[in-house]
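Chemist: Line order of the protein sequences matches chains X and G.
Residues -14 to 782 (this note's numbering) make up the first sequence, in order.
Residues 622 to 902 (this note's numbering) make up the second sequence, in order.
These are computed hints drawn from the structure, not numbers from a lab.
Every clue listed holds true.
Quick list of simulated restraints, FRET-style, between CB atoms:
id, chain 1, residue 1, chain 2, residue 2, range
1, X, TYR741, G, ALA642, 21 to 29 angstroms
2, X, VAL418, G, PRO684, 48 to 56 angstroms
3, X, GLU408, G, PRO684, 44 to 52 angstroms
4, X, ASN757, G, GLU821, 21 to 29 angstroms
5, X, THR403, G, PRO902, 36 to 44 angstroms
6, G, GLU679, X, ASN315, 41 to 49 angstroms
Everything numeric in this text was worked out from a predicted model, so none of it was measured.
Glycine is no exception: its CB is placed at the ideal position from the N, C-alpha and C atoms.
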Amino acid sequence: MQPLAIMLRRYLLLFLLSFVGFQLLAQKNVTISGYIKDIESGEAAIGATIYIQELETGGVTNIYGFYSLSVPPGDYTLVISYVGFETITQSVSANEDVTFSPEIRPSDISLDAVVVEGEKQNQNVTSIEMSVEKMDVKTIQKMPAFLGEPDILRSSLLLPGVTNVGEGAAGINVRGGNIDQNLILLDGATIYSSSHLFGFFSIFNSDAIQDFKLYKGGIPAEYGGRLSSVMDIHQKEGNSKKFTGRASVSSIATKATIEGPIIQDKWSFIASGRVSYLGYLTRFDPDSEDNNIYFYDLNGKTNFILSEKDRLFLSGYYGQDVLAIGGESNFRFTWGNGTVTTRWNHLFSNKLFSNLAFMYSNYDYSLGTNDPSFGFDWRARIINYNLKYDFTYYANSNNTLKYGVSALYYDFRPGKVTSVGSESAFNGLEVPVEKATEAAVYISNEQKIGTRLTLQYGLRYSHFFNHGEATINLYENDTPRNPEDPNSFNGANQIIGTQKYDQWDVIKDYGGLEPRIAANFLLNEFSSVKASYNRMRQYIHLVSNTTASVPIDVWKPAGKYVQPSTADQFAIGYFRNFRNNTFEFSAEIYYKQFEDLLDYVDGAELVLNPNVEQELIPGDGQAYGLELMFKKKTGRTTGWISYTLARTERTVKGINNNEPYPSNYDKPHDVSLVVFHQIRTKWEIGATFVYMTGRPVTYPDGRYQMEGFILANYGNRNGARMPDFHRLDLAVNFTPNFNPDAKLKGKWNLSIYNVYARRNAFSISFRQNEDNPTQTQAYQISLIGSIVPAIGYAVSF
Amino acid sequence: MKILKHIWPLLFVVMIGCEDAIDLDVPTGDTRVVVDALLLDVDSVHIVTLSLTSPYFEDGETPRLTGANVKVVSNTGDTVQFTESTAIPGDYIGEFKLVDGVQYNLDFTVPNGTRYLSYAEQLNRVSPIDSIYQSEEVEPAQGDFREEGYAVYIDTYEPEGQGDYYRWITFINGEQDINPFNQFTTDDRLVDGNPIIKMEHARERVPGDFVEVWQMSISERAYNFWNLFFTQLTNFGGPFDTPPAPVEGNIYNPTNENEQVLGFFGISRVSKASMVVVQLP
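Just chain G, same shape as in the assembly:
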């Protein structure tokens, strides 16, 4: 429960708690294939990144999976062949425009001959971001919770009819904000058909910061995936954590259903809005 995860630091301070970085030995399991792919309606060039798991405490980038044969297949019979980037091994690049109502599957074979498939993904409706704006005054620091600065908000609306799922990504000066507590996903159960006003997407911003917000409509499966993914990332060891669990994506090995394949092949429509934070009197 997100709300409680925000309450918990308050209690922690009161309860003279303390946190220590510790050294541990952890086991290393089988190496698994990881898919990182988000194909957007606004793009005509798409990237599928394949990589492998590494031991938990091995620093640096995880190894890339190179030399794979990567395709995206549609239910209309089209196949798009992806080619591996020479500049960045493990990135596979394909060119095509996503089409409404068409279902797409990822289909790739790794050098050892194992073939992997994804479940189908397709484009869903998304409303535009009506406006993006900053707070009227500098917000004061709030202890350990936030530093001084401007907040950035968006106004949008949720279209009538349940069954929409959302994910927002914020970029600050061109960099994706990867603070686990700033990641938002939601379904429309509680907000169906309503205007969404003054939704905060950035805080602690200073004049000159360039803030871009992506509003994406994702599939139910993608929502479940990212939801569990971010829940795991926000498990900080507090009393309100949920059990650590492997995050199941939408990729599988058709000849060995028990093989754990990580990551997600996602397709989404996106509405983008951006602004430069200015100094207000």
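This is chain X alone, in the form it adopts within the complex:
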């Protein structure tokens, strides 16, 4: 057992060496650097383009709105462009290092039907990024939404390569990845359960969110810990110019937001709350008046500009779901997340940007009843502390270096039951607590070679320690299940004892390199070919074998008996813009290989099981596909159409006779169409249409009888398919008073979900007919089997 401290010290040393090294790089050029902000709100413009006309080169702002360009001394014309904002052109004299922090104004397309966009709106072609999707909350709020509640995760399902197991299921599946393979970051803090109401809504209140960026591939070296994607969600920073607010009512929730400056242009805040009232719907049924279900969210952020070089951020989130079922048993169930992020942006020089961040994240649930005979209280949680130090070094006009370190500390408390009441039949039980630390160091460089080629090459090294204080089971043959026949009744091995580990004693550690490589070759100003390879490692797994993940699912770290998983992904893409960047087209193909994913023995007991490792079987998987995207970004009519052709397979020893089988969310064909149209200044309509192959289903290949029960004997796992899924949704947005100087601005939103009331199959199941038990029958369930209109109103000042 190697003490953790020695390993950590080694990383720190490595990191310091690299840091000093970059400072020694020679510099001849001067630097133009600064922040780009929205003139109305003071919010950072993330991903805005700065283009130097004379040099035909430029850069992009980072997630804090900062940019830095290295140029030979001289006078330059800078063009700043950003989607949804007016393009500005300005002269900058740079004979020495200068700071240039322009403020940009949102473009108002109603004033002019055809907005002349900046010439450099071809970032999708020129940037190194591929397999990346971005969506701002303004787009999400215009989309038709289920019950009129705009939702980030649901909207992301309209992007190519993103699916889920069905309407209302928790989480997303990105390029064949399980839902636990997405690193979901809210202001940098990891979210462990992103769902409200078992998955019908996500925990992200659209009024508090600025935008999100989803990396499906070509994942940069600064991110790690999940196999399939990074969803980086940014909360709004708060308006640093003036007080504004927004309140809205949808068919399911009420939201209120206030933001404004504490010190003009220096210190801003935003606070936002949302509460649902779905519970009232359940009360339409007079017999269930004691039942209730609702959720709420609180978001807050404050942003303080200490000096030209220093900025502080503090942000937080807290949300809960509450489910109560009345009657004598008084069953209650609550679950939710809480996060805190503190960040310090510091400019060591106008070439070296740093971000020091500390994040806290917690997910917990509790359920129980005061029933006199069976009273219990059951709690579980995962707590996570994360310290990160990231640097961007704008070395010269051709090289941008990023490097940093990260350490995560986990405290897993998978379940503790205590009995409630003196008469309760239950004893206490605690599933052993686990602790772990995940450390990572990375470096990557983005290099321009000539005018056509850009390379990004990076390396991440991560190391995971499952450590004490803990007590673990010891098994005969040193393994919890027989690896040769893991899914048989005889597969479980006996526990022969336990072993205790003291605080920080390493039980098991894993580590490895994660290369991240990307290349962009510009064919011409309007088209490029890109390629990427990335290896990802994931050290914690969500243990879940239900169709959709449930709030009681817990995370399990890699350890003595559970391996970390790895994924390798190759992708190649062609990017082309038409009509002066009005239309964007992309085609990407990817291939992804997974190793050591978790699967489960048949009939696995995964919750409250102190020996849960006995229920797990490792498996491999592969996913591959083609994603096409055609997008119109500007004009009165905007939107996109995307098509995905993809397969996802699993191969697990002991399941499906060791043959590969399609994963639960394998949907070979997936088409999404999203259209917005501004009719007149006051009216805008939105429509989304989706069409996809039905998800796989396991059919029985016979039936048998025991004691009057008739049971299906199931054949090939996921060997058949449900009917195709398709749905049309519409939205109408009406802004009665469009005067931009109005004090109060109201907006009506009408959403119609499932316009032609299709009964899309969520599942097909097989069972005895209730009225005639000797008959067997197939049943199809549609979760949202009718048209769902909703109306909402929002007012802002």
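Start from chain X and add chain G according to the hints.
Modeler: Just chain G now, with coordinates in the frame of chain X:
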């Protein structure tokens, strides 16, 4: 997770879900041998039922497996020959008393000459049902979840020491209750050594109903079997279903381990209690 399976209908109603019976073509796999046998300590006549699988949508009883040579063999060297019932083909009847501490195996050969064996089963301890009683008042209907009526409860206790597994069967007016959501199996991890008070075994009962509860101590293997069996039966297509899977029992073909043999040869001690539901003022 049973609790969630009960929550799910609530959500389903809220979410304007709907369920349709549909017609489908499903494949038909190889015909398999099915064993249905539960030998109890209180009985001296035991029945082993052998049958076969049938295509999933073929209505009516599945075919019986007749003409087999059925024996129960003990590890003390005794063999009990079972004889096929003339009244009900496929039922094989044997007479003997189960003895504590003795392990029993099922051993049968079907007419085509294939021989099948079971893993060993034996009697385990079970506590008596201390009392059986009904709810003090008529319980109101609760929407789709339950109709009006009396509930029937038992009091019992779980003996000290982990490693006990239970299954309960309820008979209403002599008929086994086969509603999948009314089937109870458990291990003693959470209840070890505790009194178990007011455990509900029937609901929606009217005066005059005769309710009998069997409390059985089963083997770990039987517990795993019934647990998966009932989990599959309660998979109603909701979001919290577990993957459909073949249910592995304790019967195998010693010459072809890959042959899937269904069902279970079980041995159990049983405590029974019964009552007639009465009208309460």
